[in-house]
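K.L.:
Listed below are the residues making up each chain.
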Amino acid sequence: MELDKWLVLLKPVNLLFVLTGLWLTIKMALVSIVLSLAIGTLIAVLRSSGFAPIRWLALMYTESMRNLPLLLLVFFSYFAMPKLGINLSIYWAAVVAFTVFTSALVAEIVRGGIQSVPRGQVEAAISSGMTYLQTMQYVILPQAMKKMIPPLISQFVTLVKDTSYAMIIGASELFEHGKLIYIQYNNPLQTLFFVAVVYFVVNYSLSLYGRYLERRLATD
Amino acid sequence: MSSNWITVFSYTPNLLGGLKVTIYISLTALLLSLVIGLIVAVFRTFPNRLLNRLGLAYVEFFQNTPLIIQVFFFYLGGPSIGIMLPRVYCGMLGLAVYTGAYIAEVFRAGIQAVPSGQAEAARSSGMTYLQAMRYVIIPQAVKIVLPPLGNQTINLVKNSAILSTIAVGDLMYQTNIASSDTFIVFEFFIFAALLYLCITVPLSQLVNLMERRFKAGH
Numbered sequence: 001m002e003l004d005k006w007l008v009l010l011k012p013v014n015l016l017f018v019l020t021g022l023w024l025t026i027k028m029a030l031v032s033i034v035l036s037l038a039i040g041t042l043i044a045v046l047r048s049s050g051f052a053p054i055r056w057l058a059l060m061y062t063e064s065m066r067n068l069p070l071l072l073l074v075f076f077s078y079f080a081m082p083k084l085g086i087n088l089s090i091y092w093a094a095v096v097a098f099t100v101f102t103s104a105l106v107a108e109i110v111r112g113g114i115q116s117v118p119r120g121q122v123e124a125a126i127s128s129g130m131t132y133l134q135t136m137q138y139v140i141l142p143q144a145m146k147k148m149i150p151p152l153i154s155q156f157v158t159l160v161k162d163t164s165y166a167m168i169i170g171a172s173e174l175f176e177h178g179k180l181i182y183i184q185y186n187n188p189l190q191t192l193f194f195v196a197v198v199y200f201v202v203n204y205s206l207s208l209y210g211r212y213l214e215r216r217l218a219t220d
Numbered sequence: 001m002s003s004n005w006i007t008v009f010s011y012t013p014n015l016l017g018g019l020k021v022t023i024y025i026s027l028t029a030l031l032l033s034l035v036i037g038l039i040v041a042v043f044r045t046f047p048n049r050l051l052n053r054l055g056l057a058y059v060e061f062f063q064n065t066p067l068i069i070q071v072f073f074f075y076l077g078g079p080s081i082g083i084m085l086p087r088v089y090c091g092m093l094g095l096a097v098y099t100g101a102y103i104a105e106v107f108r109a110g111i112q113a114v115p116s117g118q119a120e121a122a123r124s125s126g127m128t129y130l131q132a133m134r135y136v137i138i139p140q141a142v143k144i145v146l147p148p149l150g151n152q153t154i155n156l157v158k159n160s161a162i163l164s165t166i167a168v169g170d171l172m173y174q175t176n177i178a179s180s181d182t183f184i185v186f187e188f189f190i191f192a193a194l195l196y197l198c199i200t201v202p203l204s205q206l207v208n209l210m211e212r213r214f215k216a217g218h
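Heads up: the protein sequence lines correspond to chains Y and D, in order. So for the first sequence, our numbering puts the first residue at 1; every next one is plus one. So for the second sequence, our numbering puts the first residue at 1; every next one is plus one.
So that you can see chain Y by itself, here it is in the shape it has in the complex (with noise of 0.2 angstroms):
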């Protein structure tokens, strides 16, 4: 009795529901990710900018976007935005809450990387004749990298994680594929507990391959 509950988690159809579900999830983690890093970097490169209104923006960006509980902001994207006319497809509406949460957590990390790169460096590459934007793309972003990558990393981690809140807005992915496998057949237990294996399998491969790298460059 309670092992059929686990045995049917087994049946190639389950397994494959769990993979279409695991697809979504990683789908949706990987554009958001490539997204914030671009807006992140973008805010990062603004919160260092000589005009200080700018300066200001992007700090209050950051600061209120990344004291949000992401469950609001995904309930924002999706129940309020429509009233602004902007209507989203439950996908774009999950993946645009997460970029906006995780834009503001990258764009503190390319800051502490940008802040790592001595002051000196800047001002020789400034007088050597580089306009600003030629500093921040030849001489701080690439040393800059090397101190980003591990807390990208884990920020990555994070937004695989995060990625289960869009089930609250009814997107089918991996969590919520397990809640239909569940009510289907009244397993909860053991459903979560195989669902949450396999978010641990993804995640710590992540977080061994991140901190491989953090070795790897600290030999460097």
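Since the hints were derived computationally from the structure, they do not count as laboratory data. Heads up, some of the hints might be wrong.
Unchecked claim - Okay, the calculated bits of chain Y under chain D, using three or more residues with CB under 8 angstroms as the criterion:
1. 73-79
2. 164-173
3. 188-194
4. 203-213
All C-beta atoms, glycine included, are put in the ideal place defined by N, C-alpha and C.
Position chain D relative to chain Y; hints supplied.
P.N.:
Leaving out everything else, chain D in the frame of chain Y:
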């Protein structure tokens, strides 16, 4: 627009009630996760391989799986093996178990930051392992630990919104109820966001202050 705001403000007592529940849940879960974190961190630094591994397994498992699964595990999984807890406790347990894994790592970093010579000195002057922890290591580790602990508290408050999915009556839940009662969505979410920021922004300022203070002190 403005008439919407009047309706939203008339729900202020409900939302403030929700905020109170959010604070209550966060504080209780924080206490629990401090206990869990401390135990796991001591395991992690214990000179015993098995306990060490157990602590590590705890941290890795709970840090690498979504919080919402852990909450649902207590909420739905518990009853299926005959453990019935009120919803609020299921939520708090989920939050505490999850945050405890992060706090354990914070504590471990703090413990390990204290030079090992001091622990050895304490041991060789006749203290037991736990006494050395209590009188020598932990008092020094506190400074290193407080700022990241503050960050975990902020995360805990934000994460508590997830408990609205099991209907514990927190701020997020009350906001959802009010907005589906009135069909006013935008304004309610903005209002709730501001209420959340009222808790998290001062906390994050406090963390910044501590970081600067403790850095200056070294």
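K.L.:
Are the hints correct? Go through all of them and say.
P.N.:
Hints versus structure:
Residues of the segment 73-79 of chain Y with a Cβ under 8 angstroms from some Cβ of chain D number 3, which satisfies the need for three, so the listed coverage holds. Counting residues of the segment 164-173 of chain Y whose CB lies closer than 8 angstroms to any CB of chain D gives 4, which reaches the minimum of 3, so the coverage claim holds. With a threshold of 8 angstroms between beta carbons, the proposed coverage of the segment 188-194 of chain Y by chain D holds, since 4 of its residues qualify and at least three are required. Only when three residues or more bring their CB closer than 8 angstroms to a CB of chain D does the claim for the segment 203-213 of chain Y stand; here the count is 3, and the claim holds.
The structure meets every hint from the earlier list without exception.
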